[in-house]
Amino acid sequence: MRILLALGKLSEAKRLVPITSAHVSGASYKMIGDPGLEFLEDFAKDARVVAATTVNPLGTDLRQWEELGVPRDFAEKQARIAAAYERMGVQPVFSCTPYLLGVRPGLGEHVAWAESNAVCFANSVLGARTNRESGPSALAAAIVGATPEYGLHTEEGRQPTVIVHAAVRPRDLDFSLIGLVAGERVGDGLPFFRGFRGSEEDLKWLGASLASSGSCGMFHLEGVTPEARKARRRGLRTLTVTRRDLAAAKREYSDGTEADVIALGSPQLSSEELREIARRVERTAPRIPVWVFTSRAARDANPEAVAAIERNGGRVLADTCLEVTLLEHRFSTVATPSGKGAYYLPTLCKQKVILDRIDALLERYA
Amino acid sequence: MSPVPFSFVGGVDPATGKILDSDAGISDDRLTGRIFAFPHGKGSTVGSYVIYGLAKRGVGPAAIVNSAAEGIIAVGATLAEIPLVDRIDTACLRTGDRLIVDGDRGAVDLLGVKATPVVSAILRNRGRILIVRRSDAVGSFRGRWSAISGFLEGREDPRARARQEVREETGLRGAKFRTAGRSVLARANARVYVVHPFLFDVPSRRVRLDWENVEYRWVLPEELERFKTVPRLMDVVSAVLT
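If you read the protein sequences in the order shown, they are chains E and V. The numbering used here applies: residue 1 is where the first sequence begins, and numbers increase by one. The numbering used here applies: residue 1 is where the second sequence begins, and numbers increase by one.
Hints may be right or wrong, so weigh each one.
[As the list claims (entries may be wrong)] Listed next, with one range per pair, are the computed distances between beta-carbon atoms:
1. 276(E) x 43(V): 54 to 60 Å
2. 111(V) x 260(E): 57 to 63 Å
3. 5(E) x 179(V): 46 to 52 Å
[To be verified] Under the rule of at most 27 Å between Cα atoms (straight-line distance), these lysine-lysine pairs were calculated in the DSS-like manner:
4. 42(V) x 56(V)
5. 56(V) x 114(V)
6. 352(E) x 42(V)
7. 42(V) x 18(V)
8. 45(E) x 56(V)
9. 42(V) x 350(E)
10. 9(E) x 350(E)
11. 350(E) x 14(E)
12. 228(V) x 77(E)
13. 9(E) x 114(V)
14. 14(E) x 45(E)
15. 77(E) x 114(V)
16. 114(V) x 228(V)
17. 9(E) x 228(V)
18. 14(E) x 42(V)
[To be verified] Listed below are several chain V residues computed to face chain E (Cβ distance under 8 Å; list not exhaustive):
19. 14
20. 16
21. 43
22. 46
23. 52
24. 53
25. 67
26. 71
27. 111
28. 207
29. 227
Worth flagging that the hints you see were computed from the coordinates, not collected in a lab. The C-beta atom is built at its ideal place from N, Cα and C for all residues, glycine as well.
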């Protein structure tokens, strides 16, 4: 409660609003280290969540850490973090895509989510309302069952600040690239996109990149997202994104020459995406490992796809995700179609990056 | 006291409270039991947990003073039960100062330091602002470049005092008041000048100096950094121009 009051005071919120779900970040031992472990274990002694709460990916897949070459100490501490969350009543769903796992707050519903891609998806695609929470603030909201009402919880805070016209017909990787380019230009603004359409899956990749290179918590897409129609656009400046900008971003985020792993995820793949990858690697077996990051539920629901990927030298990792997982002990250059991955891998995992379409990567490393 | 924004992740040794960040200019100093002042937090949100861990081990700061409030520090101080006071201009504090921090009132008392209220008039003419070089006859900052300024006495109206200083020090007539900025705290040894900034537009650049100044220039605001000025003149100018 004191955390919420401190944050509410900062943002000059007038009141708390009840939430229907919380999503907490800060579960990877790689990210939060000993300070986070210590805090969570102390906190778990008495704190219990009252809202339905999910939590972000861990620093490794705890069911295959030994085969991954993860140090024992790391795995043990990681397991203690997971256990601490469970003691607090958090569902042991370690995913950055709660919205693919049945947690789908509806239009106008207030929630408190951390994890920038999930925040962007909830606000933009679902029309639910959440600020970009931090790990501790989302946890505090989960325990109190409410969050300070400011920013993206208010009608005013959800209005666009800039129009982004993308004069391209985007497909697969283009959505990540549009996100990266727009995020760099918009910063902490709220973009109103127009000029293209996209499926829910496409918008997942767009939002994840946008929330990485920028600190956007929401976007509108004309004719697609639920609040686009009533968004006020008058007097806003317009930025244009061209095919050339996308090509430049792809070059800018690729600093590697030869990859030692193809990594798919960030955010975690859906069941459909997992099966699609399995079909592709069955067609052309890659000569370097393919690591696929997905949720435990998707992994369990698709044993054939998992077997196909593993038969072709790959791995399907659950409960963890690309840049919060331990990679740096094995690899130095990662090839990925994830804009978010390309943004964070150099700093969080000390990796060089090759950013490209999945079919181009599979072809190149066939 | 760190003059630059601070990250507790990587910025401090979580086991001992020793400062590691060399940009802070106080590396190897320990936070333990001291009041830590810096403009605002930055970096990873794990910083909140580091503040908690420091306090738990008894090596954390006794209190935190910030210029701007920010989530990482606010959450960390709450978890650690460390008093935090924000909206204090930390640029007027010095390492080694003695402070009393009152977390409940949100106030800081700076011991052994005298506060002196002054007014500062920024005069503008066609995009340029007036700066003057202080003479050897004045009591402070001799030879430094400054805006038109003067002490505020008793209960007089700061804006009226600023106007009067403009007339006395420049002889300019017809100054039009535009805006008043938030006060800026300028530190000089055991004194803090509480500067009340005002912006006036003047119709002419013809200045007649009095005994307080020896030279004047009309400059673009971005040229200020080339001059040896009184402390925080740039911040005083930004307070009324942005």
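Compare the structure with the hints numbered earlier in the document and write down the numbers of the violated ones, lowest to highest. 1, 3, 5, 10, 11, 12, 13, 14, 15, 17, 20, 21, 25, 27, 28, 29
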